[in-house]
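S.K.: Here are the chains, one letter per residue:
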Amino acid sequence: QKEVEQDPGPLSVPEGAIVSLNCTYSNSAFQYFMWYRQYSRKGPELLMYTYSSGNKEDGRFTAQVDKSSKYISLFIRDSQPSDSATYLCAMIWMDSSYKLIFGSGTRLLVRP
Amino acid sequence: GAVVSQHPSRVICKSGTSVKIECRSLDFQATTMFWYRQFPKQSLMLMATSNEGSKATYEQGVEKDKFLINHASLTLSTLTVTSAHPEDSSFYICSARGLSLGEQFFGPGTRLTVL
Chain A
240 QKEVEQDPGP LSVPEGAIVS LNCTYSNSAF QYFMWYRQYS RKGPELLMYT
290 YSSGNKEDGR FTAQVDKSSK YISLFIRDSQ PSDSATYLCA MIWMDSSYKL
340 IFGSGTRLLV RP
Chain B
700 GAVVSQHPSR VICKSGTSVK IECRSLDFQA TTMFWYRQFP KQSLMLMATS
750 NEGSKATYEQ GVEKDKFLIN HASLTLSTLT VTSAHPEDSS FYICSARGLS
800 LGEQFFGPGT RLTVL
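Protein chains in written order, with the working numbering: chain A, 240 to 351; chain B, 700 to 814.
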């Protein structure tokens, strides 16, 4: 069983839709939770990071963390074709290395 | 967010040669940098963790003599692929950690093709 599970998609939605992306994890040692966006042949871009359970909003993006269920989500409102990319969730293992553990990524396509 | 650069963005080399990739944090000091490789349609695979002034920590299965990492300053880390072979062809991405553990910024990546 992978430590971080993420549906690879692809997820295809019409422009303007609300997008919901999710990850589940198995180990309560994860404390920091991040969402990255990666366009083809580019490095990942940090969208949001959270430490505790709850919601965090930034523009059209809302990150949600539920530590009791070991479940995190990223919501994208008013989705645009430019949002088409692969979205990676990532978590930090709170041992001495503080390494990022990534989900496999969800490919999102927003249709005009 | 903070900016991390990588150079070169693309390199093609002959089998048996060595290739150096630079990773720079442009507007912040990074005591810790990470090196990843990514195959097409796959997630990032951590190769090593690099701390300024000390030896890199390599992940299991990564040959430290083949992938030499140097983190000589708070803004620069280098990855040298020694005696490159076609199977080393991949997308190499570095990242640098900011002040917060949750802030890890990635470079644009380097595409290495070994002929």
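What the hints contain is simulated information worked out from the structure, not anything from laboratory work. You may find that some hints are simply not true.
With a straight-line Cα cutoff of 25 Å, these simulated SDA-like cross-link-like pairs (lysine to any residue) come out [stated by the list, open to error]:
id : chain 1 : residue 1 : chain 2 : residue 2
1  : B       : LYS740    : A       : THR263
2  : A       : LYS281    : A       : SER251
3  : A       : LYS281    : B       : GLN741
Stretch by stretch, here's where chain B covers chain A in the computed footprint (C-beta under 8 Å, at least three residues) [said to hold, decoys possible]:
id : stretch
4  : 277-284
5  : 313-323
On a predicted model such as this, the values are computed, not experimentally measured, just so you know. Quick reminder that beta carbons are idealized off the backbone N, C-alpha and C, glycines included.
S.K.: With reference to the structure, classify each hint as holding or not holding.
M.R.: Results of checking the hints against the structure:
1. Among the hinted pairs, B:LYS740 with A:THR263 is consistent with the structure: their alpha-carbon atoms are about 20 Å apart, no more than 25 Å.
2. Simply put, A:LYS281 and A:SER251 have alpha-carbon atoms about 21 Å apart, close enough for the 25 Å limit, and the pair holds.
3. Distance hint between A:LYS281 and B:GLN741 is fulfilled; the C-alpha atoms sit about 13 Å from each other, no more than 25 Å.
4. Note: the stretch 277-284 of chain A has 5 residues with beta-carbon separation from chain B under 8 Å; the three-residue rule is met and the coverage holds.
5. With 0 residues bearing a CB less than 8 Å from a CB of chain B, the stretch 313-323 of chain A misses the requirement of three and the coverage assertion fails.
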